[in-house]
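Residue numbers (our numbering), protein chains in the order written: chain Z, 17 to 179; chain C, 17 to 179; chain R, 17 to 179; chain Y, 17 to 179; chain H, 17 to 179; chain F, 17 to 179.
Source of the hints: derived by calculation from the structure; they are not laboratory data.
Take the hints with a grain of salt, since some may be wrong.
A pair counts as met if it fits within one copy or between any two copies, since identical chains are not told apart.
To be verified - Taking lysine-lysine and the DSSO-like style, the derived pairs with C-alpha atoms no more than 30 Å apart in a straight line are:
hint: 1; residue 1: Lys173; residue 2: Lys96
hint: 2; residue 1: Lys18; residue 2: Lys96
hint: 3; residue 1: Lys124; residue 2: Lys173
hint: 4; residue 1: Lys171; residue 2: Lys124
hint: 5; residue 1: Lys124; residue 2: Lys96
hint: 6; residue 1: Lys96; residue 2: Lys172
Read off the chains here:
There are 6 protein chains.
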Amino acid sequence: MKRTALYPGTFDPITFGHMDVIRRAADLFDRVIVTIAVNPDKHTLFTLSERRKQIARAVQDIPRVEVAECGGLLVDFALKHNAVAIIRGVRAVSDFDYEFQMALTNRKLAETITTVFLMPHERYAYLNSSIVREVARLGGRVDCFVPDFVASALKKKFSGKKS
Amino acid sequence: MKRTALYPGTFDPITFGHMDVIRRAADLFDRVIVTIAVNPDKHTLFTLSERRKQIARAVQDIPRVEVAECGGLLVDFALKHNAVAIIRGVRAVSDFDYEFQMALTNRKLAETITTVFLMPHERYAYLNSSIVREVARLGGRVDCFVPDFVASALKKKFSGKKS
Amino acid sequence: MKRTALYPGTFDPITFGHMDVIRRAADLFDRVIVTIAVNPDKHTLFTLSERRKQIARAVQDIPRVEVAECGGLLVDFALKHNAVAIIRGVRAVSDFDYEFQMALTNRKLAETITTVFLMPHERYAYLNSSIVREVARLGGRVDCFVPDFVASALKKKFSGKKS
Amino acid sequence: MKRTALYPGTFDPITFGHMDVIRRAADLFDRVIVTIAVNPDKHTLFTLSERRKQIARAVQDIPRVEVAECGGLLVDFALKHNAVAIIRGVRAVSDFDYEFQMALTNRKLAETITTVFLMPHERYAYLNSSIVREVARLGGRVDCFVPDFVASALKKKFSGKKS
Amino acid sequence: MKRTALYPGTFDPITFGHMDVIRRAADLFDRVIVTIAVNPDKHTLFTLSERRKQIARAVQDIPRVEVAECGGLLVDFALKHNAVAIIRGVRAVSDFDYEFQMALTNRKLAETITTVFLMPHERYAYLNSSIVREVARLGGRVDCFVPDFVASALKKKFSGKKS
Amino acid sequence: MKRTALYPGTFDPITFGHMDVIRRAADLFDRVIVTIAVNPDKHTLFTLSERRKQIARAVQDIPRVEVAECGGLLVDFALKHNAVAIIRGVRAVSDFDYEFQMALTNRKLAETITTVFLMPHERYAYLNSSIVREVARLGGRVDCFVPDFVASALKKKFSGKKS
Chain Z
17 MKRTALYPGT FDPITFGHMD VIRRAADLFD RVIVTIAVNP DKHTLFTLSE RRKQIARAVQ
77 DIPRVEVAEC GGLLVDFALK HNAVAIIRGV RAVSDFDYEF QMALTNRKLA ETITTVFLMP
137 HERYAYLNSS IVREVARLGG RVDCFVPDFV ASALKKKFSG KKS
Chain C
17 MKRTALYPGT FDPITFGHMD VIRRAADLFD RVIVTIAVNP DKHTLFTLSE RRKQIARAVQ
77 DIPRVEVAEC GGLLVDFALK HNAVAIIRGV RAVSDFDYEF QMALTNRKLA ETITTVFLMP
137 HERYAYLNSS IVREVARLGG RVDCFVPDFV ASALKKKFSG KKS
Chain R
17 MKRTALYPGT FDPITFGHMD VIRRAADLFD RVIVTIAVNP DKHTLFTLSE RRKQIARAVQ
77 DIPRVEVAEC GGLLVDFALK HNAVAIIRGV RAVSDFDYEF QMALTNRKLA ETITTVFLMP
137 HERYAYLNSS IVREVARLGG RVDCFVPDFV ASALKKKFSG KKS
Chain Y
17 MKRTALYPGT FDPITFGHMD VIRRAADLFD RVIVTIAVNP DKHTLFTLSE RRKQIARAVQ
77 DIPRVEVAEC GGLLVDFALK HNAVAIIRGV RAVSDFDYEF QMALTNRKLA ETITTVFLMP
137 HERYAYLNSS IVREVARLGG RVDCFVPDFV ASALKKKFSG KKS
Chain H
17 MKRTALYPGT FDPITFGHMD VIRRAADLFD RVIVTIAVNP DKHTLFTLSE RRKQIARAVQ
77 DIPRVEVAEC GGLLVDFALK HNAVAIIRGV RAVSDFDYEF QMALTNRKLA ETITTVFLMP
137 HERYAYLNSS IVREVARLGG RVDCFVPDFV ASALKKKFSG KKS
Chain F
17 MKRTALYPGT FDPITFGHMD VIRRAADLFD RVIVTIAVNP DKHTLFTLSE RRKQIARAVQ
77 DIPRVEVAEC GGLLVDFALK HNAVAIIRGV RAVSDFDYEF QMALTNRKLA ETITTVFLMP
137 HERYAYLNSS IVREVARLGG RVDCFVPDFV ASALKKKFSG KKS
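One chain only, chain Z, in its complex shape (with noise of 0.2 Å):
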C-alpha cells in the first residue's frame, strides 16, 4: 500500500522550519505532495511561480517529494491524488487552535483523510514567513530562516523600497 501525503501552506517563502516537516514526512510517507494553497484574494510577497521554484529547489534532495498547487477545496484535491493525510506543521498552541479548526473541517468534508500535525525541531520552534518577511524588510539578516537562494530573493524584492 502506497501512502500519500499533502503538506498544504502558502510558503511565502519556504523557510527551514518548512523544510525541517517536509523532511520528517518524507520519512513516514511514500509520496510528500507539498501543496501551494493559491488564494488569489490573498496578496503575497512572491509569486506563485517565484514560489514553486524556491520550494522545488529547497526540496531537490528530499526523496519523494513533489510540488503541486491547489487553488480549490483541499480536501477534494487530496481526494484526487489519494492521500490518506495532510500534514500540519505546529509550534506554539495558538497555531494549534487554528490548526484543530481546520482539521475538524477538513474531516467533516472528507472523512477518510486524516489530519497529521508533525512538530518543527524546537530550532525553529515559532519562526514563520511572516516574521520572515519583516526582519527582511527591516534589512535584517535572514539566512537562519531560510536557505541561501531565498534570502538573496527576499533581498532583492525590498530593496529600493527602504528609505
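For chain Z, the structure is supplied; the task is to place chains C, R, Y, H and F on it using the hints.
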C-alpha cells in the same frame, strides 16, 4: 424577576454553532436578544438586512428569542434593554483570551452586566463563520455547518466568482 | 419558570474568588446551590462540616443561595434538584481545558444541564484555594484572599505545625 | 518500505478516544504497536494483564495492530522495533504542552523517531481515562466512553466500594 | 555597570497597562527607552508625533525613562544603544505565543539581548490599545484605561465620525 | 543602585535550562540569589544539601550568583534581602498560567517586588527536572539535559532500583 441576555455577534452567516448556543441561552434566560454588532468599517459578505432575516428564520422555533442590531457600545445597548448578561460561545483557547479581554472591558464599562460563557456542542467545536465562508468560496458543501437556506445563500453569493 | 443552578467545588477553603462568582450567579438564577463535592479519597485541610459552616457564613448576605453537599455524580444531583445549569468560575487557560473536559462529560451524562462559565473579578484572577493554603502554611497573610473568619481558621490549622 | 509506529499510553482503561486514534494510525502505518507504558511506582485501577486483554479485545477488528508493554525508555523500545513514529492523540491545549515536552525529550534521545500527533474525533474530545474512572466510581454510566466489556469491568471494580 | 532596557511598541495610544509596565521596568533598569516601532505600511490612529508627545507626557514623572522611535530592526537599535534587555508586557496566553516568537527571532539576530517579560497589574489585564480605540470609536468612556489627555485626544479623533 | 534578584525553585536537580536562565539573570542584575524553596512535606530525589552543592558547582563560573535556601514565604525572603525582582523561567503555556498565579499572589503580598519572566534557550524549551528524573529512572542518557556531575549523581540514585 424576568432576566434578559444579549447574544452579540456578526453572524456572517449564522451557523449551527451559534444556533446551539442560542438554544442553550434560551433555556437559561427569560429573553434572549440575538444582537448583530454593526460596524460600518468592517466588510461583511451578507448585508445587515440579509443577516437579520437569516437569523430570524434560523431561530423561529426557539422560544424567547428576538433579533436586534447594535451600532454603538454593547454595554449601553445592554443597559437600555435591562439585560443582566452577555452570552458568548467559547470553543477554543484563543477564543477565550479575546473573550476575556472583551468581558473585562465590558465589566469596567458596566459593572452590573455579567458575561456568561457557554460551550457549543462539541459537534460544532471550532466551527466559525469565516471557515464556512472560505469552504463555500472554494465550492465545498456547507450544509453540515449552516441551515439549508444559508447554504443556498452562500452558494449564490459565490457563483460566478470562481474561474 | 424558576431556574436553579449548582456551583460545585471543594471550597477548601472558600475564597473571595468563589464569593464573587456566587454573587454573579445569584444575579442570574433564581436559586444557587453551592455544592460541596465530597470525595472520601481526597484529603482536605478543612473537614466537610467546617467547610459547610464557612460557606454558609460567607454567603449569608447573598440572596437565593443555599449550601449542600454531593457525594455522588454531580449530574444526578443536578437532575434531582431540577437544576438547569452548573456554574464554573474560570480564570485561566489551564483551568479551561479541565473545565471543558468536565463540561463535555457532564453533557454526555445529562443533555439538559448546561455548564455556564463565569469569570471572577480580575482582582481574584488566578486566586485559588491551594495557593491560599500554601501562603497560610508559610505564615503569610491571607486576609486579602479570604474572609476574616477563614483567615483565622487557617492560622489556627497551621499554628504549631511550623518549626 | 514497511513503517512501524508505536502508540504508547497507560490505557487505564482504553477508551473510545484511544480506539479512534488507533484506527487512524492503522490507516497511516504498516504496523501499529499499542504500547502499554509500565511504571511500577504508579498505581493503576486495572492490572497490566487486565489492560493488555482489554486492549487486545478492543482492537481485534483493526488490521495491522499489536499490543506490547514497555518498562524502560520508550525510545529504546522504538529503536528495537524499528519504529519510525510515536503516535500521540491530542485533544486540548494542556495536553499539548506536556506532549511537546515529551516529544522534544524523545527527539533528543533518538533523532530518527518522529512524534506524530493525531486528533481524536471531536466526539471524544476531552475524554480521558481518569474522567472515565471517576464517573464509574460515582456510579455513572460510562458506556458512551468505553466498550461494553470495559464498562462492565469498571462496574465490577467499584461495586462494594461505595457506601 | 549601567543597564539599559528598551520597551518597544506601537502605543496607539499609550494605556495605563503600558504605564504600569514602564514603571516596573524603571525599578529594574538604569535607563528605559520607550521605543515607538515605526512601520510606514501600518495605519495608526495617532501620528508618530502625537504618540511621541502622549508618551512623553504620560511618563514624565517616572525617573530614568526616555522616548525614542525606531524604523529599522529593533535588535540593531538595541545594540546601538547598548541595551541589555527588551521589555515586553504579557497579559494573556495568545500574547505569549506571539511574544515567544518575536523573542526567539530577536535572540537569533542578537544573542546578547535578553527579552524580559513583565506582567502588568491585573487591573490592566487584557487591556490593549485596539480595545481602547474601539470603545472610544463607539462613544464609550475610556478614562479608566488611558490618561485624561489621551481620553480627550481619542474623543476628538472620533467626533464627527459617528452618525 | 545595586539590584538583587531571586531565582527560586526546587532544582531537583538543576538542569541546563535553569543554568541558561541564571546566566541571563546575571547579565541583568547586580546579584542573583538562586533560592532553593524548602518544603518538608514534598518528597525530593536529592536532599537539600545535595541540591545546594550541585547548584553551587553548576554556577561557579557565572559571576554575581549566590545560592540560598528559603523555608518560609518567598516574598518575606525577598524583602529581607532587598530583592527587587523574582526571576522565573517560562517555557510553555501551562507553565505560564501557574506562573501568573504565583506572580499575582506574590504581588498582593509584596507590591514592591516584580516578577520577571525570562525564556530559556529554545534548546531547553520544555526541559524540566521531572522529565530528567524520569529519563534517568528508565536508564536513559541525561547528559544533554544536565551537567556531567548531576548525570552521574542521577545514575547513582537509580542504580540498584531497576529490575
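Going through the hints against the structure:
no.: 1; hint: Lys173 - Lys96; in the structure: between (36 Å within a copy, 26 Å between copies)
no.: 2; hint: Lys18 - Lys96; in the structure: both (15 Å within a copy, 24 Å between copies)
no.: 3; hint: Lys124 - Lys173; in the structure: between (40 Å within a copy, 22 Å between copies)
no.: 4; hint: Lys171 - Lys124; in the structure: between (42 Å within a copy, 18 Å between copies)
no.: 5; hint: Lys124 - Lys96; in the structure: within (17 Å within a copy, 37 Å between copies)
no.: 6; hint: Lys96 - Lys172; in the structure: between (37 Å within a copy, 26 Å between copies)
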